[in-house]
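Chains as they are written, first to last, in this note's numbering: chain A, 1 to 104; chain B, 1001 to 1363.
To be clear, the hints were calculated from the coordinates, so they are not data collected in a lab. Where hints are given, some of them may not hold.
Examples of chain B residues toward chain A, derived with CB under 8 Å [stated by the list, open to error]:
1) V1015
2) G1030
3) M1047
4) G1106
5) T1107
6) H1141
7) R1194
8) P1198
9) P1294
Simulated restraints on C-beta separations [what the hints assert, rightly or not]:
10) B:I1276 <-> A:H23: 47 to 57 Å
11) A:D11 <-> B:R1042: 18 to 28 Å
12) A:I94 <-> B:A1064: 46 to 56 Å
13) B:A1070 <-> A:G80: 30 to 40 Å
14) A:V26 <-> B:G1026: 14 to 24 Å
15) A:R88 <-> B:V1023: 22 to 32 Å
16) A:E104 <-> B:I1276: 53 to 63 Å
17) B:V1024 <-> A:R88: 24 to 34 Å
18) A:G97 <-> B:A1321: 52 to 62 Å
19) A:G80 <-> B:I1276: 25 to 35 Å
Cβ coordinates follow ideal geometry from the N, Cα and C atoms, glycine included.
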Amino acid sequence: MPEWIAACAVDDIDLEDVIPFQHDGVDYAIYRSPQDEFFATAGYCTHERMALCDGLVMDGIIECPKHNGRFDYTTGKAAGAPVLVDLRTFPVTIEDGTVYIGIE
Amino acid sequence: MNLMGSERLKRYSLVGPEAERAVVAGLAGGTDWFRSDMPRRRMKELMRRSDYPAIRDTVIWLGAMAVCGALGVVLWGGWLAVPFFAAYGVLYGSSSDSRWHECGHGTAFKSRWMDDSIYHLASFMVMRDPTVWRWSHARHHTDTLILGRDPEILVMRPARLARILGNTFGLVDVPVASRDMVLHAAGRITAAERTFIPESEQVRVFRTARIWLVIYAATIAACVLCGSILPAMLIGGPRLYGAFMLNVYGLTQHAGMGENVLDHRLNTRTVYMSRINRFLYWNMNYHVEHHMFPMVPYHRLPELHEEIKGDLAPAYPSLWAAYKEIVPAVLRQLKDPTYYIHRELPPGAAPYHPQSDGRALAL
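Produce the entire structure from the sequences given, and follow the hints as far as they go.
See below:
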């Protein structure tokens, strides 16, 4: 069972955007889709250690701010060079306006 | 100090001693570069993609090539063909560089397939393997002008002047690209390429090289059959006779600036250019801005420049102004490779990266 960690308030993230979250020294990225769904992934690109929270969220994709590495943020799947390794994802739940991410 | 020949090349080699030194010195990996403060909402606006500007510019670009190429063919054999082939050559052999660049970043269009299509077309024109150079350029952005790490340093210290001047007409780039194409077609890559291209990607390199070789062989065969160089004037040849503006624009990016620094304001230039040059070069004259925020599409770079110019040394007012600095600096570096151009920031600008200022040499 994952441990559910309060990451942010729902309103902390704009629609189709991403914010950073840190817990126990580990960085995460929390996303809000245009359909008002929330997702969580590892905070750094798998190509090089670039923070994804500075990237562009568009059409279900997060693009790394440095090299345009692209991931489907709903599944973590890498979408082509220069990223070849998928992004780790984490379950998300919403309760009383708070976004929780599930960490093993 | 006077570094020449193999000593100089060793310092810039991706498999030489400087590569290891850059890692040990904490210069490699690209995570600590200076970036101007920018509100997230504004940055999102600037990063937003659109198909329209690049479709408009691509229609003009390819349309102008079609018209100039057709008129050049019709007028072939007379002097009247010269201006049309000159224009065709620049559009093919020089502007392909910026199209390769922008579409390689995936920022020119919103639609990925459009970026990829123009990327492959422009890669062919500029004779850069699309896979090798995608990875090479990613490294260039990670480790811009870091010795032993950046595979795209055009002007070394001291500069290889004959090579730079020869490339005004592609006289080094084209033979090197041809040699690599044959190597890749044979299923091999160079030791330097192996440092930045994952093994799983190498098969793409081999496939592209084989396709390109067939196209160039067909072009040469067409020349033989026609008894004329006209087919090569349209395919391949422009990378030679039309490459001079590629060099003119490209050298302004980093020549003479600081090496082994973690602040693009120390190793990169922004140069104001005319509307025609900005069309041909797709706004890559805003080069500090591009390196600081590579996700901003070329058509939004002038706005980004306005947002952050208070943090930057003043932009060069023209190509002429940039070359008035570049030429003496590169000539001085022939005798003194420790020299580099260090520009003063305006009052109120964020200071230079603390690790970078004054560290522009790792000798």
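- prompt: Against chain A, with CB atoms and a cut of 8 Å, does the hint on G1030 (chain B) hold up?
  reply: OK, holds: G1030 (chain B) within 8 Å of chain A, min 6 Å.
Residue hint P1294 (chain B), partner chain A, criterion CB-CB below 8 Å: holds, 6 Å
task: Grab the minimum C-beta distance from M1047 (chain B) to chain A and call the hint holds if it beats 8 Å, violated otherwise.
output: Constraint on M1047 (chain B) satisfied, holds at 5 Å.
task: Using the Cβ atoms, figure out if V26 (chain A) sits within 14 to 24 Å of G1026 (chain B).
output: Once the Cβ atoms are compared, 22 Å apart, the range 14 to 24 Å for G1026 (chain B) and V26 (chain A) holds.
query: Can V1015 (chain B) be said to touch chain A, with a Cβ gap under 8 Å?
result: violated, 20 Å
query: Quick one: are A1070 (chain B) and G80 (chain A) within 30 to 40 Å, going by C-beta?
result: Given about 36 Å between the Cβ atoms, the range holds.
field: V1023 (chain B) and R88 (chain A) - C-beta distance against the hinted 22 to 32 Å
entry: holds, 26 Å
- request: Closer than 8 Å between Cβ atoms is the bar; does H1141 (chain B) clear it against chain A? Give me holds or violated.
  value: holds, 6 Å
C-beta pair E104 (chain A), I1276 (chain B): status relative to the range 53 to 63 Å that was hinted: 58 Å Cβ-Cβ, so the 53 to 63 Å window holds.
query: If you check the beta carbons of I1276 (chain B) and H23 (chain A), does the distance land in 47 to 57 Å?
result: Holds: the Cβ-Cβ distance is about 53 Å, inside 47 to 57 Å.
- prompt: Using the C-beta atoms of V1024 (chain B) and R88 (chain A), is the stated range 24 to 34 Å upheld?
  reply: holds, 30 Å
message: Quick check on a hinted range of 25 to 35 Å for G80 (chain A) and I1276 (chain B), using CB atoms only.
response: holds, 34 Å
Hints 1, 7 from the list above are not met by this structure, while the remaining hints are.
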